[in-house]
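**Student:** Sequence:
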Amino acid sequence: MNDMNVSSASEMMDFVMNLTPLAGKELPSIWKRVVSKIGKKEDSEDDEICIGERLAGNSKVIDLKNGVLLVEANHSGWIQYLKMYQKFILKGLKWNLPDLTINTLAFRVAGSSAKLNDTYEQCLKKSQSEMQAKIEQQEIELEKLSKNKFKNDDNTNNLPPELLAKFENIKNELNRNVDQH
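In this text, residue positions in the sequence shown follow our numbering: the first is 1, and each later residue adds one.
For the record, the hints were derived by calculation from the structure and aren't laboratory data.
All C-beta atoms, glycine included, are put in the ideal place defined by N, C-alpha and C.
Take these hints with a grain of salt, some might be off.
[Claimed, not checked] Here are the computed distance ranges between Cβ atoms for each label pair:
#1 83 x 135: 56 to 64 Å
#2 40 x 140: 25 to 33 Å
#3 140 x 65: 34 to 42 Å
#4 166 x 141: 26 to 34 Å
#5 169 x 135: 38 to 46 Å
#6 66 x 169: 41 to 49 Å
#7 109 x 134: 30 to 38 Å
#8 94 x 137: 30 to 38 Å
#9 75 x 141: 19 to 27 Å
#10 75 x 102: 43 to 51 Å
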């Protein structure tokens, strides 16, 4: 009985996860490895399961497109934890898979039919509407500035005194030249 190999549940899950289409890129197993390190202390040998191992066991990689990694979790609570540790996870993935571009994570609850295209499109629409709002705000500010500029007959009020003196000298020189001719 001592010769028998005993596999942990996480190793079996890794094996099953490696049967997915992303297996060629090693992403599912790297995901599990990186996420399972969350909350684990290097010098600790506790048998207690840390939050990272629980997160790894309750989440899986679904898809990767345009630098967005879609991750599925068994419950929305796990997604909240994953979002809290998103920077750590992204750094770990980039460290372990430097040739793979992963800029952000997108999440869905297991059983939902959300696809990465849907999530990407939602992010794109949100970004576009935010950009449009900024542009509109800047146009309003520019309009106010241009109205104020044309209201003042003397546009020189905002100029430094040294520059005003130089303009006055130029104006006087032009007037003298005009008077001489």
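**Student:** Each hint needs a verdict: does it hold in this structure or not?
**Tutor:** Results for each hint:
Distance hint for residue 83 and residue 135: a CB-CB separation of about 29 Å, inconsistent with the stated range 56 to 64 Å. For residue 40 and residue 140, the hinted distance range of 25 to 33 Å is not satisfied, since their beta carbons lie about 51 Å from each other. Distance hint for residue 140 and residue 65: a CB-CB separation of about 37 Å, consistent with the stated range 34 to 42 Å. The supplied range of 26 to 34 Å is met by residue 166 and residue 141, whose beta-carbon atoms lie about 30 Å from each other.
Here the CB-CB span from residue 169 to residue 135 is close to 41 Å, well matched to the stated 38 to 46 Å. Here the CB-CB span from residue 66 to residue 169 is close to 60 Å, at odds with the stated 41 to 49 Å. In this structure, residue 109 and residue 134 meet the distance hint of 30 to 38 Å, their C-beta atoms being roughly 32 Å apart. The hinted window of 30 to 38 Å between residue 94 and residue 137 holds, with their beta carbons roughly 35 Å apart.
At about 45 Å, the beta-carbon gap between residue 75 and residue 141 misses the expected band of 19 to 27 Å. Between residue 75 and residue 102 the CB atoms are about 23 Å apart, so this pair departs from the stated range of 43 to 51 Å.
Violated hints, in rising order: 1, 2, 6, 9 and 10; the structure is consistent with all others.
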